[in-house]
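Based on the provided sequences and hints, a complete structural model is requested.
If you read the protein sequences in the order shown, they are chains W and L.
With the working numbering applied, the first sequence covers 32 to 695.
With the working numbering applied, the second sequence covers 31 to 198.
These are computed hints drawn from the structure, not numbers from a lab.
Predicted model, so just to flag it, every value in this text is computed and none were measured.
Possibly wrong hints are sitting among the right ones.
With a Cα cut of at most 30 Å, we get these calculated BS3-like pairs of lysine-lysine [claimed, not checked]:
1) W:Lys222 to W:Lys277
2) W:Lys457 to W:Lys308
3) W:Lys338 to W:Lys308
4) W:Lys342 to W:Lys294
5) W:Lys381 to L:Lys153
6) W:Lys457 to W:Lys476
7) W:Lys611 to W:Lys568
8) W:Lys294 to W:Lys333
9) W:Lys551 to W:Lys568
10) L:Lys166 to W:Lys589
11) W:Lys237 to W:Lys222
12) L:Lys153 to W:Lys568
13) L:Lys156 to W:Lys568
14) W:Lys589 to W:Lys381
15) W:Lys551 to L:Lys153
Covered by chain W, according to a simulated footprint, are these stretches of chain L (three or more residues, beta-carbon under 8 Å) [claimed, not checked]:
16) 45 to 56
17) 72 to 80
18) 90 to 100
19) 144 to 157
Label-pair ranges, simulated between beta-carbon atoms [stated by the list, open to error]:
20) W:Glu625 to L:Gly169: 40 to 48 Å
21) L:Asn159 to W:Glu358: 47 to 55 Å
22) W:Cys607 to L:Gly169: 52 to 60 Å
All residues carry an ideal CB built from backbone N, CA and C; glycine is no exception.
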Amino acid sequence: MIMPIHDPVRIGVYVCHCGMNIASRVDVEDVRAFAQSLPGVAAARTYKFMCSDPGQEMIQKDIKEHGLNRVVVASCSPLLHEHTFRRACAAAGMNPFYLQMANIREQVSWVTPDRAQATRKARALIHAAVRRVADHYPLAKERVNVHPAILVVGGGIAGIQAALLLANAGKKVYLVEREPSIGGHMAQLDKTFPTLDCSACILTPKMSQIRTHPNITLWTYAEIEEVAGFAGNFKVKVRRKPRYVKEELCVGCSECVSACVFKEGRVSDEFNQGLSKRKPIYMPFPQATPNVVVIDPRSCLKIMRGKCAMKCVEACLRAAIDFEQREEHAEIEVGAIILATGYRTFDARKIPEYGYGRFPNVYTMLEVERLVNAAGPTGGDITLRDGARPQTVGIIHCVGSRDRRHHPYCSNVCCMASLKMAHLVKERTGAEVFNFYIDMRATFKGYEEFYDQVLREGVQFIRGRVAEVTDWAIRSAEKGKLVIRVEDTLVGVVRRIPVDMVVLATAMEPQEDAAAVQRKFNISCSQDGFFLERHPKLGPVSTFSDGIFLAGVCQGPKDIPASVAQAGAAAAEALCLVDKGFVEIEPNTAFIDEAACSGCRTCIPLCPFQAITRDAVKGVAVINQALCKGCGTCVAACPSGAAGQNMFTDAQIYDEIEGVLADV
Amino acid sequence: MSSNVTLPVAEEFEPRIVAFFCNWCTYTAGDLAGAARLAYAPNMRVIRLMCSGRVDPEFVLAALRQGADGVLIGGCHPGDCHYREGNYKCLRRFQLLCKFLRQMGVEEQRVRLEWIAASEGDKVQKIANEMTAQLKLLGPLRLQITPRVNGRPRAAECPPAPTKGVAP
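Structure below.
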């Protein structure tokens with residue numbers, strides 16, 4: 032550790048206006064004058080934008096001219112600009128850890144409407160920072176080498192894109208997907224808006240690239256068990272579920288599927304949204320990657336009952352079927368992690384008035400997507416449950432989204448998906464299509480034009496949230512139909528519209544286990560349950576855990592182009608980290624004052640990272656600086672005051688307590 | 031002063047709350063409250079620590095001794111701790127501390143431990159307002175050891191804080 036300097040403390044205090052963000056609520060000149068009057072303060076200034084170049088130069092000039100050896104910046108949150116000001120101080124030759132920030136924007140001006148009160152609170156916080164900074168001492172960041180491999184979790188379009196970019200950049204990539212095939216939701220779609228590209232045609236080439244890329248290790252049917260370590264050096268345990276088929280031997284001929292003792296499918300097919308049945312041994316979908324069959328242990332007779340004629344084994348010429356397969360565990364080391372775990376769709380049964388699950392001809396958007404698809408359960412025919420073609424179709428927007436009872440957020444893609452579906456249904460069946468919307472959101476490139484096209488095609492648009500879907504006919508034209516009751520808010524009347532088929536544009540929502548994944552990776556969720564980005568504008572793919580990045584819908588509802596773009600951003604961030612080759616570790620580690628340590632061992636079991644051991648010869652605790660993450664729990668527990676924490680010493684905290692409580 | 035004896039009009043009591051927030055969840059929630067412009071009572075002053083597990087019960091006592099009328103500790107929800115279990119360590123110490131404070135006659139509403147996730151800016155607002163209102167009802171703590179000045183202890187005249195764990 033570097034020894035503290037013993038020169039008299041000379042503090043510079045810099046109060047930022049932040050445009051009007053701070054200055055409109057805090058009397059910055061009053062606060063500056065107050066700071067100037069505090070003991071040890073050699074200079075106090077205000078400036079419009081302290082984080083700008085002239086602001087930083089002002090600090091640097093003062094450090095040199097006034098011989099400052101401490102700097103307090105009163106501005107925004109340290110989580111936003113601490114690094115900026117540390118860099119500025121370092122560039123002027125001052126140790127960056129002589130800096131302390133007072134958060135007078137997020138925690139004062141933005142939350143305190145009264146100017147006098149805000150000014151008083153700002154004074155108190157600056158007082159605390161000035162008191163505290165006198166106790167600072169120089170520190171240095173330690174550099175740790177970065178493992179060059181990268182883990183991508185989730186094999187939807189976002190994960191695929193990120194993995195390919197990184198692999199093309201020459202990085203070793205592990206792509207882990209929990210389903211038997213990669214592809215995600217995009218593989219289930221028929222066409223993509225607004226260009227109406229065939230979804231599979233643009234996705235499957237990327238899927239096969241993943242399979243063949245020499246830099247990518249693809250583990251499907253696998254889940255992340257445990258994540259340890261930190262940015263640059265994560266240790267990840269992966270659990271590979273048994274598919275009872277040897278992946279390296281299976282060529283995907285599907286002979287085994289035809290041979291299965293079940294002549295017909297018995298189990299609801301997940302890929303087709305339950306609209307068809309599959310066998311216990313199955314290929315998830317024709318273009319599944321890897322193109323390997325999988326045996327479902329919940330329906331296979333051999334696995335469930337131990338008894339079966341095992342026709343599949345007979346049929347396989349390559350002896351790929353292996354009922355002895357067990358769960359495998361792999362442990363990998365990676366420098367960065369990209370989470371692209373996607374979403375699930377809202378369960379439409381939660382809105383009983385729309386009749387999903389009660390009326391057979393009420394479908395979800397994803398179900399109709401499968402019906403439209405040529406490889407789907409009907410071979411691309413849009414038919415009702417009884418096989419008839421619908422004459423009229425009603426598409427209901429915002430099912431589960433923009434709804435205080437469920438999700439207040441806008442699910443972002445449903446307007447465009449509904450427009451696309453309206454176009455496809457009209458094109459394929461000639462049916463009359465009604466769209467029921469609250470607001471039409473068609474905001475990106477080519478979207479408004481597509482809306483215009485669909486309008487011109489004669490699709491009907493009714494503005495209003497649908498009240499209910501009912502089979503109660505009160506007019507002869509409604510007999511045998513589903514009636515959509517809605518207030519047409521543009522005309523101002525309540526309408527009853529009889530249709531044959533209802534399509535619910537269900538919202539995207541966080542995966543069922545998003546909270547568990549969030550804990551596993553030590554990141555945060557926002558209030559809607561999607562993973563929280565580090566900054567909504569300037570850190571949209573980073574998380575509060577360094578080295579873990581987000582891509583795709585796991586961060587919030589978005590469409591394919593946005594997911595792909597975000598995947599690119601996440602890949603670039605991960606690349607930045609691993610290509611740099613090292614990470615700098617915040618020096619907020621704990622340390623032991625050997626002279627004060629009695630060797631009582633109180634701290635040893637408290638450390639969640641097993642960083643503390645006892646030196647048997649000296650009889651004192653020893654903290655391994657490489658393992659310590661700087662939580663400080665050992666410091667709080669030490670009965671003899673021997674443990675301390677850099678950047679958060681007891682003296683610094685007591686000073687801060689005194690500072691915030693002083694009459695100012 | 032005039033010779034007319036009148037009762038002094040009491041200035042409205044403004045409690046002082048010291049808050050210890052963990053860097054990862056609660057401090058971020060505080061920033062979020064700011065970004066969302068959720069106005070709340072100005073009585074709370076936040077001290078940032080890396081983890082609620084760093085909160086030495088002595089910090090709470092020092093704050094109360096030096097004129098705080100209430101102390102709030104904010105940490106990640108159970109299971110969400112950035113350091114796996116620092117918040118549990120905090121909870122353990124907090125319960126012991128509460129027992130001690132009760133015996134010392136400090137009302138239990140004065141010292142609170144709250145789990146506030148990074149997304150719960152509104153909870154910061156709610157708790158700051160709630161605590162301020164409660165402390166206004168309870169009145170000043172008056173736990174000071176030094177003589178009062180104008181009815182309040184002055185931090186500058188408080189006994190110096192213990193200086194354990196001085197940095198090397």
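(message) Can you confirm whether the C-alpha distance between Lys457 (chain W) and Lys476 (chain W) stays at or below 30 Å?
(response) With Cα atoms ~23 Å apart, Lys457 (chain W) and Lys476 (chain W) stay inside 30 Å; holds.
(message) Just to be careful, I want the Cα atoms of Lys222 (chain W) and Lys277 (chain W) compared with a cutoff of 30 Å; is the pair within it?
(response) 33 Å, violated
(message) Lys166 (chain L) and Lys589 (chain W) were given as a pair; does the straight-line alpha-carbon distance stay at or below 30 Å?
(response) 47 Å, violated
(request) Apply the coverage criterion to the stretch 90 to 100 of chain L and chain W: a residue qualifies when its Cβ sits closer than 8 Å to a Cβ of the chain, and three qualifying residues are needed. (result) With 5 residues closer than 8 Å to chain W, the stretch 90 to 100 of chain L meets the three-residue bar; holds.
(request) State, for the Cβ atoms of Asn159 (chain L) and Glu358 (chain W), whether the hinted interval 47 to 55 Å holds or is violated. (result) For Asn159 (chain L) and Glu358 (chain W) the Cβ distance comes to about 51 Å; the hint holds.
(message) Quick check: do three or more residues in the stretch 45 to 56 of chain L have a beta carbon closer than 8 Å to a beta carbon of chain W?
(response) holds (count 5)
(message) Can you confirm whether the C-alpha distance between Lys381 (chain W) and Lys153 (chain L) stays at or below 30 Å?
(response) The given pair, whose Cα atoms are some 27 Å apart, holds under the 30 Å limit.
(message) For a C-alpha distance cap of 30 Å, please report whether Lys457 (chain W) and Lys308 (chain W) respect it.
(response) Holds, at roughly 28 Å.
(message) Run the distance test for Lys294 (chain W) versus Lys333 (chain W): straight-line Cα separation, threshold 30 Å.
(response) Holds: Lys294 (chain W) and Lys333 (chain W) sit about 16 Å apart, inside 30 Å.
(request) Test coverage of the stretch 144 to 157 of chain L by chain W using CB-CB distances below 8 Å; three residues minimum. (result) holds (count 5)
(message) Hint check: Lys338 (chain W) vs Lys308 (chain W), CA-CA at most 30 Å. Holds or violated?
(response) 22 Å, holds
(request) Could you grab the alpha-carbon distance between Lys237 (chain W) and Lys222 (chain W) and see if it respects the 30 Å cut-off? (result) Measuring from Cα to Cα gives roughly 16 Å; hence the hint holds.
In this structure, the hints that do not hold are numbers 1, 10, in rising order.
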